Amino acid sequence: MISLAVLSAIVAVPAPSPAIHELVTSTGSSYHFAVVMSIPPEMDDVRGALQEAVRLLPDGTALHRRRSIADLTSGRGVQAWTTTDQVVIRATLDSNSLTDAVTLAYGLIYRPQLEPRDAAEFSPGWYTPLWQRLTRRAPTANETRDAWHYLVRNGKIHVVFSGPFATGQAQAIWSGLTDSEPPNTARVDRPRPDGFPRFPAVNAAWLDAPPTANPSIAAVTAMLLGQGKSSVLFRVARQELGLSYRQEAFLWPTAGGWQPRVYLTSADPLPIAKLEQLKERMLAEVSIWNESDLQHAKQMLVASISGEGVWSPWMIGPSGGAFNTPEDRTILEAFCRAYDSKFDANAMVALVNAADLDAVQSAAKAWLAHDWQVITANPR
Amino acid sequence: MITLAAWLALSKVTSDDIPRLRTILPNGLTLLAERMPAPYLSAQVWMAAVPGQETALTHGYRHLLEHIMARVDGGKWDQQIESFGGVLEAETSREGTSFRIRLPKSQLPVALNCLAAILQERTISADEVKREARAIYNEGALRSSFTKRVSLAWTKYYGEQGLDPFGDPDLLANAAPKSLEDLWSQMLNAARMAITVVGDVDIDNVTDQLKRKFAGIEARSAAKPVTMKVLDVTGVPTGIWVAKVGSPVDVSTAAALAAGLAIASELPDSFISYSPIKTDSLVIVGTNEEGTDRLDLDPDDLFELGKRLARRWVDRQLRDPYQAAALRGRLLAQSSGLRPELMLENIDKLSRADFVAAFNQFKGSKR
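First to last, the sequence lines map onto chains A and B. Counted from 1, the first sequence has number 110 at position 110 by the numbering used here; the numbering is strictly sequential. Counted from 1, the second sequence has number 385 at position 5 by the numbering used here; the numbering is strictly sequential.
Just chain A, with the same shape it has in the complex (with noise of 0.2 Å):
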């Protein structure tokens, strides 16, 4: 752990520029940006305020009110959230100005409101931030601001932007905002370990293996685990054993790459023993994997990458899996960007293809091998 006088002394100097991206379409008339920004090691302990921040950030900035983000996104608004490493931030927008766009991502990340308001009830919705099972208590309205600054200031940031706009104009209007309106450089305190009070009202169970950055088997892994109802887990977890509502294989973005997880909800709580039982019926599936249901995997995720299809092991975010939308490619670009890489959809496929039945079923056995992790929240 760093101290708190050598992380003060770390905060006072500028904070780095982000590394601003372009993805210039030829089409449609939306602009839209996606930020990802990496969450320091150091922060650990105060991500209770960090995550305060993430959710008060949508609600405005000093150069945009929340009705003004209303009107830009056609209702939309701005949807932020974290993973386990990182904080996402993207948005929309119908405005046809490309400015707005890059003033609002601007504001967001250098000129958030952060007013603080009541804590709402946890939305007991899919993709629980993991860390909430350590928290303790609310943080408070200085702790908030001070965990944004310094993330700001201590944390790897990549902004694209997609749209039909000319090559250079996206990163020209930023540095025109960066001297028209510097980032604020006032002297953040370290926050002090803190919490957040409340508990998704959700029993889940996840299983990860480590992050990859070159995620094409474990994609093909993940479709025939748990996308679908053909799935593995739909068939095991649902259909037989009664566990769950929704469960999902995906591949969780981190700074390191991609992480494969297997996820899934319950109303009751879920004790080891019988998600061991789930394991072992998984397990016994995989072993019966065949070339049909390997191509079964493979057209569902060419056919996601295409555009046909919905089934996406890409988990980016609240709202699920990434699609070939303009949306999405913007949010998958980032993600991609962070950890030094691109997304190349024609090398995706090709490499989903090549994928043979042997190297998909030892990565599902390893993945598999890992433990368990449970939260049992607001238990009934």
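For the record, the hints were derived by calculation from the structure and aren't laboratory data. None of the values given here were measured: they were computed from a predicted structure. Among the clues, some could well be false.
Unchecked claim - Below, a list of computed lysine-lysine pairs in the DSSO-like style, where the Cα atoms sit at most 27 Å apart:
| # | chain 1 | residue 1 | chain 2 | residue 2 |
| --- | --- | --- | --- | --- |
| 1 | B | Lys510 | B | Lys558 |
| 2 | B | Lys658 | B | Lys536 |
| 3 | B | Lys536 | A | Lys279 |
| 4 | A | Lys274 | B | Lys510 |
Keeping the supplied structure of chain A fixed, place chain B upon it in accordance with the hints.
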């Protein structure tokens, strides 16, 4: 059996230059084919609910049936559809039950064959009831606080008539298969169904295929809709505001949508809920912010924004094959005259006075 006069109406409806063909078959079934450039198509069946007919002893039965029927042939159809990257989804809402397929545009026959397989009378086993009731029990754990408060508002307004179609998992676990089979027979009523196909398709060819496939569905005498009676319009749950509306194509509905969206744009963590029911419905706007019950907003200030947001909301549904097939299907199943374009017309001609009246209705719901 309802006797429908031979009102075989083949009317080409064109708006926004999008080729669209609505057909009403002699059995009363409404078909809609629409051409929209996209790499995939959506084929959907919508079965209109009878407002106010869910009782404390049966609510959730439609939801349970939706679960059971979506597993047609034990998942064989899921396997086939998913192998093309597609999906079969189902939904039960206050206005109806739907089965919705998304597939690459070349796979229309698969979609239509699957829908035809679903729309059959069949025997239901006790095991199916038990398994899907269990799934609904687990589904309940994922329901948000917002959804629960919307449900509370409906029962506050309409009592038992406003019961949530999600249902009570304990009640569903003990549902008699025969009761479910009987309800399914009633729901298989051509006169209260619509089938919609939207995608990069030849609308005449699609319509011919739909006619061949679904002309045999019977028209049945529909249960008479219960007149929804409002019990109370005040004191709705904390953090939400309610406006009672009529048909989706009423001006007052357009006003409530515009006012609701404008209010939502001013609230933190906001949401808006609307079930486009032909007769009575509620537009509910709310926030997940704890303890927020005041609306210190100036409706005059919000009028233009509300109109813009409402128009863009409807527009957005109509630009995507899946969303367009859903919105058109949920309206057409209730009445072949209900069209989203009428909603847009109302939004465009919305007066400031209509907007302020709707705003005040939301505000008044807290008194």
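Hint-by-hint comparison with the structure:
Restraint check: the Cα-Cα separation between B/Lys510 and B/Lys558 comes to about 14 Å, which is no more than 27 Å; the hinted pair holds. With a CA separation close to 20 Å, the supplied pair B/Lys658 and B/Lys536 stays within the 27 Å bound. With a C-alpha separation of about 45 Å, the suggested pair B/Lys536 and A/Lys279 falls outside the 27 Å cut-off, and the hint is violated. Taken as a hint, the A/Lys274 and B/Lys510 pair is honoured in the structure, with Cα atoms around 19 Å apart against an allowance of 27 Å.
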